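All chains, please: the whole structure from these sequences, using the hints.
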Amino acid sequence: MEHKVNSEKSSSELISELEYPKSPNAIKYLNELTLKQKQDFFDSFDLILCDCDGVIWQTLHELLPGSPEAIDYLKRQGKEVIYVTNNSIIPIGMQLKKFERFGIEVKKHEIVHPAQTICDYLKSIQFDGLIFCLTSEAFKSLLREAGFDVVEELVGYVETLDDLRAVINSDDPVKAVIIDVDFNLTASKLMRAHGYLKNNSECLFIGGAADTLITIGGKDVIGPGPYISVLENTTKRKALILGKPGVALRDFIMEQHKIKNARRCLFIGDSIVTDIRFAKVCGFQTLLVLTGTTTPEDLQSKLTETDTPDYVCERLADLNGFLS
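The opening position of the sequence shown corresponds to residue 1 in the numbering used here, with each subsequent residue numbered one higher.
Hints listed in this document are in silico derivations from the structure and should not be mistaken for laboratory results.
Please read these numbers as outputs of a predicted model, since none were measured by experiment.
Be aware that one or more of the hints could be misleading.
To be verified - Result set (EDC-like, lysine to aspartate or glutamate): computed pairs, CA atoms no more than 16 Å apart in a straight line:
id: 1; residue 1: Lys28; residue 2: Glu314
id: 2; residue 1: Lys107; residue 2: Glu80
id: 3; residue 1: Lys79; residue 2: Glu105
id: 4; residue 1: Lys123; residue 2: Glu152
id: 5; residue 1: Lys198; residue 2: Glu232
id: 6; residue 1: Lys175; residue 2: Glu202
id: 7; residue 1: Lys175; residue 2: Glu152
id: 8; residue 1: Lys123; residue 2: Glu255
id: 9; residue 1: Lys28; residue 2: Glu232
id: 10; residue 1: Lys28; residue 2: Glu255
id: 11; residue 1: Lys98; residue 2: Glu62
id: 12; residue 1: Lys79; residue 2: Asp40
id: 13; residue 1: Lys75; residue 2: Asp46
id: 14; residue 1: Lys260; residue 2: Glu105
id: 15; residue 1: Lys175; residue 2: Asp149
id: 16; residue 1: Lys189; residue 2: Glu137
id: 17; residue 1: Lys219; residue 2: Glu232
id: 18; residue 1: Lys189; residue 2: Glu159
id: 19; residue 1: Lys28; residue 2: Glu202
id: 20; residue 1: Lys175; residue 2: Asp128
Stated by the list, open to error - Pair ranges (Cβ atoms, derived):
id: 21; residue 1: Ala248; residue 2: Asp318; range: 28 to 34 Å
id: 22; residue 1: Glu105; residue 2: Gln126; range: 32 to 38 Å
id: 23; residue 1: Gln77; residue 2: Phe102; range: 47 to 53 Å
id: 24; residue 1: Gln126; residue 2: Val221; range: 34 to 40 Å
For every residue, glycine included, the Cβ atom is placed at its ideal position computed from N, Cα and C.
Encoded structure:
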């Protein structure tokens with residue numbers, strides 16, 4: 001996610017000036033902790049689940065200073081780091097190259113990526129059938145590489161009812177509809193997906209990233225979440241969400257990484273809704289960084305307990321040499 005820059009004052013300066021409302025789960029600011037409190041915090045988790053966009057780098061491939069050093073420090077202190085991204089536009093192979101370019105050593109199984117998670121889920125249930133995707137081409141390519149059959153979409157300009165019928169009516173025996181970020185989403189695609197889901201109660205309904213908004217070029221645009229809601233409302237069905245902030249992703253992460261105690265996990269993210277709300281519902285500890293979508297001013301609003309981070313710091317780099 002893009003960083004909202006305040007040209008006059010740094011985030012840390014704003015933090016010191018603002019008075020935040022008390023909540024059932026009061027926020028702790030890492031820069032205000034005593035050495036004993038820092039040690040207690042550091043001893044309270046073994047595994048770090050870390051968002052990428054807005055935490056390690058900006059969406060447009062700009063590294064946030066000090067992030068690689070902080071990750072290296074955490075690993076040297078015996079912490080395991082897993083990267084949880086909602087960015088399915090960038091294939092995992094490119095994600096790995098991006099980490100390598102920034103000097104961060106990451107293995108494929110250490111990245112939780114919506115397309116890969118959904119592939120793994122489909123394999124786990126031995127899914128065999130056609131899939132209709134409202135996703136990026138990179139997402140579809142990963143599904144095909146995993147051996148799944150993806151419906152080739154009918155591309156055409158819809159002007160008349162006959163055009164619409166030709167596009168949305170299909171005899172394809174589709175057994176799953178998957179929705180994620182699709183920059184070429186159209187009303188006719190949604191109508192076709194609605195038909196598959198409405199006419200076949202056994203057709204799987206799966207969502208990847210479910211962000212309400214995503215940030216592109218410094219501007220908020222509609223994410224896949226509202227479109228998932230449209231299909232849920234019209235079909236009267238609930239999607240299985242295997243990206244943030246879907247709770248089903250928790251079970252996948254817990255099983256995949258053999259996590260026995262959710263409270264021994266620290267989730268680091270930049271978004272109150274996508275990261276903090278997801279992590280709190282899952283039972284993880286939460287650390288909000290202010291290098292992405294959330295600003296110090298946002299924390300002045302009346303946050304629910306689920307939206308209130310346990311800890312806040314200005315940037316991931318603040319964790320480098322944390323106990324020294």
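Original post:
Out of the numbered hints, which ones does the structure contradict?
Top reply: 4, 9, 10, 14, 17, 19, 23
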